[in-house]
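J.: For the sequence shown, the numbering used here gives the first residue as 17, with consecutive numbering after it.
Simulated from the structure, these hints should not be mistaken for lab results.
Some clues are possibly wrong.
[Unchecked claim] Straight-line alpha carbon distances no greater than 25 Å define the calculated DSS-like cross-link-like pairs of lysine-lysine that follow: (1) K27 / K64; (2) K502 / K480; (3) K89 / K170; (4) K415 / K438; (5) K527 / K459; (6) K415 / K354; (7) K527 / K502; (8) K415 / K459; (9) K480 / K459; (10) K494 / K438; (11) K354 / K170; (12) K438 / K527; (13) K459 / K494; (14) K64 / K89; (15) K527 / K494; (16) K438 / K502; (17) K459 / K438; (18) K502 / K170; (19) K415 / K480.
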Amino acid sequence: MAADVDLAAYKDVLLVLGTAGVVVPLMNRYKVSPVLGFLLAGALLSPKGLGALSDIFPPISWITVSSPERVGKLAELGVVFLLFLIGLELSFERLLTMRRLVFGLGAAQVLISSSVIALLAVAVGITPVSALVIGAALSLSSTAIVIEQLSEQKRMATATGRTSFSILLFQDLAVVPILFLLGVLDPTTEGSIAAGIFKAFAQAAAALAVIVIVGRFLLQPLFRLVSQTGSHDMFIATTLFVAVGTSFATAAAGLSMALGAFVAGLLLAETEYRRAIEAIVEPIKSLLLGVFFFSVGLSLDPAVLVANPLNIFGMTALLLVLQALIIFGLCRWFGVSKPASIETAALLAPGGEFAFIVLTLALSYGLVSATHTSMLLTSVSLTMALIPTIGAFGRRLAKASAPPTAVDPELSALPPGDGEIKALVVGYGRVGQLIGDMLEEHKVPYIAADNAAPLVSSVRRQGKPVYFGDVRQIEFLKRCGLDTAKAAIITIHTQSDIDLIVAAIREAYPKLIIVARAKDAEHARHLYSLGVNDAVPETIEASLQLSEAALVGLGVPTGLVIASIHERRDVFRSALQGAAKKAGRESRAFPKRKGS
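The whole structure should be built from the sequences, with the hints applied where relevant.
T.: Structure below.
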């Protein structure tokens with residue numbers, strides 16, 4: 017007889033996986049943050065969302081989550097792996113350079129935000145004890161959403177990324193004393209408060225010290241031993257064991273699970289296994305973070321929102337404005353630039369996941385009423401759902417407030433009007449630079465043009481004949497020497513710009529040799545129809561070079577390989593040129609009618 021199966025548990029897992037499979041592609045298609053999609057899906061599929069209709073229509077229970085607590089346990093691992101990856105990107109040395117922002121700016125933000133919010137709560141009639149708890153809970157921002165958003169945009173190394181992470185890191189550290197504060201305020205607590213504080217901090221310090229000491233001496237030998245086995249599965253298992261094991265150790269000591277994973281990541285950042293570990297953890301982290309955002313959506317109670325819309329929207333707006341003003345002011349006080357201060361304030365003004373932990377625990381101790389808890393959690397959920405939108409707004413506002421940058425004198429340099437060149441290179445990225453080097457090697461005078469200001473400034477300081485301007489304008493290209501040039505070499509990568517430049521040059525200089533980069537064979541055929549002398553498709557050229565390297569490596573004589581590659585390249589060129597000519601004849605024989 018088959019064992020009993022808990023279908024409800026499997027159903028919840030299937031709902032989460034199904035949401036991940038639908039939400040991410042859908043959000044990517046419409047260029048919307050997947051975070052918002054997971055939050056909305058969680059709210060919709062929660063017991064308080066569609067699940068509230070299960071009494072009226074029982075089958076709906078099969079498409080709604082039965083146990084948000086069970087999903088929440090799995091969701092915690094998403095934040096764990098996120099902080100583990102952040103630790104891998106940093107190191108203890110880099111962290112030390114951030115200590116002023118972490119322990120200065122971060123500490124000031126938590127203390128001031130908690131105090132101001134608590135005073136406002138007292139002013140509206142909430143008891144001082146409850147106000148203190150509410151202030152502490154609402155002072156914490158969302159590490160998971162903010163760090164994930166900055167990581168996706170690859171902006172962790174920017175001023176905004178460093179400042180936001182510093183504040184968030186201290187907030188994670190502050191969770192320990194906040195949770196201990198709840199225990200002290202619990203009416204049933206016995207014993208000395210001072211002794212309890214000392215014990216809690218000593219326990220936390222001991223746990224971190226053990227993790228650091230053990231990690232310094234054992235992690236690298238452990239991964240070296242595992243890598244020598246040649247087993248990829250064992251390497252994955254060891255990586256997961258280290259990430260989750262350190263999280264478990266810090267949780268057992270009363271610290272945040274994510275903090276333990278972060279420390280483990282810091283320790284592994286200094287080893288040669290860092291990149292391999294990142295490749296393993298990244299996909300796991302992405303899935304579990306989706307579960308985390310889904311679980312946050314589960315906590316949103318539409319009934320509370322419907323019953324108290326003005327109060328909740330008012331609290332949401334007040335929290336966002338108050339936190340933004342405090343964080344912006346503190347960032348400026350600590351010397352952070354105005355644009356970075358604006359964006360940091362926008363990202364960190366909303367509440368975070370730790371508010372759920374603090375307020376739920378406070379409710380169990382009787383420190384906060386059930387009504388206040390449900391309204392506050394709903395308000396925090398709304399602010400978290402707004403993070404992608406507020407962050408984007410803050411980024412635009414930061415750009416608008418940035419001071420105008422001084423123009424580099426190198427960008428004002430004009431091409432010589434009287435010099436004679438043989439080649440004009442349009443675009444001076446990696447491809448253009450290589451072509452320029454080859455032209456110099458063969459003593460061919462040339463000028464290059466590009467519209468990337470930082471690139472032009474850099475290469476001109478190296479003495480390269482490169483000039484800044486809009487390469488799509490034929491007048492600028494003429495100023496760069498087209499009148500005396502014998503060839504124009506187009507190396508930029510944007511297909512529409514390549515077509516525009518080729519058409520303009522061919523119309524102005526019918527006999528000029530034009531060699532252009534092409535995206536693929538179809539684009540090359542189109543360029544031949546525009547009149548280029550030679551088009552080099554990236555896909556075909558890469559295939560030919562790979563074939564050449566493989567054949568030589570397999571022992572085929574180099575001369576034969578080079579000859580066959582040249583022959584195949586000529587075949588491709590002739591075929592593309594022939595297709596372009598045929599298409600041109602057909603278009604002349606059968607011109608399109610107007611409106612077709």
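J.: Now look at each hint and say whether the structure bears it out.
T.: Structure-based check of all given hints:
1. Restraint check: the Cα-Cα separation between K27 and K64 comes to about 17 Å, which is no more than 25 Å; the hinted pair holds.
2. As the CA atoms of K502 and K480 are separated by approximately 20 Å, the hinted pair is consistent with the 25 Å bound.
3. A threshold of 25 Å between alpha carbons decides the hint, and for K89 with K170 the separation of about 29 Å lies outside it, so the pair is violated.
4. Taken as a hint, the K415 and K438 pair is broken in the structure, with Cα atoms around 42 Å apart against an allowance of 25 Å.
5. Under the criterion of a C-alpha separation no larger than 25 Å, the hint pairing K527 with K459 is consistent with the structure, at around 23 Å.
6. Between K415 and K354 the CA atoms are separated by roughly 10 Å; this keeps the pair inside 25 Å, and the hint holds.
7. For the hint pairing K527 with K502, the CA-to-CA distance comes to about 9 Å; that is within 25 Å, so the pair holds.
8. Of the pairs offered as hints, the one joining K415 and K459 is violated, with about 44 Å between alpha carbons and a cut-off of 25 Å exceeded.
9. For a cut-off of 25 Å, the pair hint linking K480 to K459 stands: about 14 Å separates their Cα positions.
10. A threshold of 25 Å between alpha carbons decides the hint, and for K494 with K438 the separation of about 13 Å falls inside it, so the pair holds.
11. At roughly 21 Å between alpha-carbon atoms, K354 and K170 fall within 25 Å of each other, so this suggested pair holds.
12. Restraint check for K438 and K527: satisfied, since their Cα atoms lie roughly 14 Å apart, inside the 25 Å limit.
13. A distance of roughly 22 Å separates the Cα atoms of K459 and K494; the hinted pair therefore holds under the 25 Å criterion.
14. At most 25 Å may separate the alpha-carbon atoms for a hinted pair to count; K64 and K89 meet this at roughly 19 Å.
15. A C-alpha spacing of about 15 Å is found between K527 and K494, which places the hinted pair at or below 25 Å, so the restraint holds.
16. Under the criterion of a C-alpha separation no larger than 25 Å, the hint pairing K438 with K502 is consistent with the structure, at around 5 Å.
17. At roughly 10 Å between alpha-carbon atoms, K459 and K438 fall within 25 Å of each other, so this suggested pair holds.
18. With a C-alpha separation of about 42 Å, the suggested pairing of K502 with K170 is violated against the 25 Å cut-off.
19. With a CA separation close to 32 Å, the supplied pair K415 and K480 exceeds the 25 Å bound.
When each numbered hint is compared with the structure, violations occur for hints 3, 4, 8, 18 and 19.
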